[in-house]
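Using the sequences and the accompanying hints, generate a full structural model.
If you read the sequences in order, they're chains A and B.
Reading the first sequence from the start, the letters are residues 1 to 112 in my numbering.
Reading the second sequence from the start, the letters are residues 113 to 225 in my numbering.
No lab work stands behind these hints: they were computed from the structure.
Careful, some of the hints might be misleading.
To be verified - Some chain A residues flagged as far from chain B (calculated, every beta-carbon gap over 12 angstroms):
| hint | residue |
| --- | --- |
| 1 | Pro-62 |
| 2 | Phe-69 |
| 3 | Glu-82 |
| 4 | Ala-92 |
To be verified - What follows is a list of derived Cβ distance ranges for each label pair:
| hint | chain 1 | residue 1 | chain 2 | residue 2 | range |
| --- | --- | --- | --- | --- | --- |
| 5 | B | Gln-183 | A | Phe-60 | 30 to 40 angstroms |
| 6 | A | Glu-82 | B | Asp-121 | 19 to 29 angstroms |
| 7 | B | Val-195 | A | Thr-20 | 21 to 31 angstroms |
| 8 | B | Asn-167 | A | Arg-63 | 24 to 34 angstroms |
| 9 | B | Pro-191 | A | Asn-71 | 36 to 46 angstroms |
| 10 | B | Arg-154 | A | Thr-112 | 20 to 30 angstroms |
| 11 | A | Asp-84 | B | Glu-120 | 37 to 47 angstroms |
| 12 | B | Asn-180 | A | Asn-71 | 13 to 23 angstroms |
We put the CB at the ideal spot given by N, CA and C, even for glycine.
Listed below, chain by chain, are the residues.
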Amino acid sequence: ETGVTQSPTHLIKTRGQQVTLRCSSQSGHNTVSWYQQALGQGPQFIFQYYREEENGRGNFPPRFSGLQFPNYSSELNVNALELDDSALYLCASSLDKNSPLHFGNGTRLTVT
Amino acid sequence: AQSVAQPEDQVNVAEGNPLTVKCTYSVSGNPYLFWYVQYPNRGLQFLLKYITGDNLVKGSYGFEAEFNKSQTSFHLKKPSALVSDSALYFCAVSNTGGFKTIFGAGTRLFVKA
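Listed below in structure tokens is the structure:
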């Protein structure tokens with residue numbers, strides 16, 4: 001059983017640029033959630049996708065957007081990067097909406 | 113609105129002693145409660161969950177948690193701590209809609225040999 005994989009593992013971008021982060025969900029999981037974890041803090045919910053539809057969203061601006069594909073893999077896109085966007089971005093898949101989350105190891109984004 | 117509070121930034125315990133990591137929550141409707149553990153530079157790993165049923169739930173690595181509805185708490189416990197239990201622990205809650213799981217700020221557990 002393949003777990004959740006995220007790419008890339010590390011990324012450095014300049015303020016104002018755009019970035020796309022990718023996530024392959026665990027086999028059989030139809031729900032994907034994205035979280036932002038700043039240093040020393042808990043994960044902050046960005047949004048969740050269930051069967052290719054956005055199913056819930058946290059307090060993040062519209063420049064954070066996402067997609068879920070028919071194979072349930074997912075992308076997180078962030079436009080107009082700001083310095084405060086520097087964080088660990090975690091993707092998690094689950095069997096359904098209330099099942100435990102299975103996390104990838106994250107993408108460390110640094111915005112300079 | 114959902115929220116999770118972990119009142120202790122850090123918990124220190126000697127190996128072999130019992131440990132408790134505290135969590136209180138606020139959610140509309142019936143809560144779905146979870147504990148996760150995070151090791152350095154890694155994603156979070158699921159430890160245990162409470163959905164319904166017995167208030168004491170058992171999970172991975174000998175951990176257990178007690179659901180207390182009147183106190184809206186879900187404290188994580190282990191009868192005998194190991195040095196390898198040292199990590200960052202997160203409590204999380206979602207509601208019956210299941211569209212958003214909210215995490216606490218985390219509690220760092222140090223187990224001294």
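Right, here's what the structure says about each hint:
For Pro-62 of chain A, the requirement that its beta carbon stay farther than 12 angstroms from each beta carbon of chain B is met, with the minimum near 18 angstroms. Listed as outside the interface, Phe-69 of chain A is consistent with that label: its C-beta sits roughly 19 angstroms from the nearest C-beta of chain B, beyond the 12 angstroms cut-off. No beta-carbon of chain B is positioned within 12 angstroms of the beta-carbon of Glu-82 of chain A; the least distance is around 22 angstroms. Not every CB of chain B is more than 12 angstroms from the CB of Ala-92 of chain A (nearest about 8 angstroms), against its label as outside the interface.
Range check, Gln-183 of chain B to Phe-60 of chain A: Cβ separation about 32 angstroms, and the 30 to 40 angstroms hint holds. Checked against the hint of 19 to 29 angstroms, the pair Glu-82 of chain A and Asp-121 of chain B passes, with Cβ atoms roughly 27 angstroms apart. Evaluation of the 21 to 31 angstroms hint for Val-195 of chain B and Thr-20 of chain A yields a failure: the beta carbon distance comes to about 40 angstroms. Restraint check, Asn-167 of chain B to Arg-63 of chain A: a C-beta distance of roughly 43 angstroms breaks the suggested window 24 to 34 angstroms.
Distance hint check: the CB atoms of Pro-191 of chain B and Asn-71 of chain A are about 43 angstroms apart, consistent with the given range 36 to 46 angstroms. For the pair Arg-154 of chain B and Thr-112 of chain A, the supplied restraint of 20 to 30 angstroms holds, since their beta-carbon distance comes to about 25 angstroms. Taken as a hint, the range 37 to 47 angstroms is violated for the pair Asp-84 of chain A and Glu-120 of chain B, whose Cβ atoms sit roughly 27 angstroms apart. For the hinted restraint 13 to 23 angstroms between Asn-180 of chain B and Asn-71 of chain A, the CB-CB distance of approximately 41 angstroms leaves it violated.
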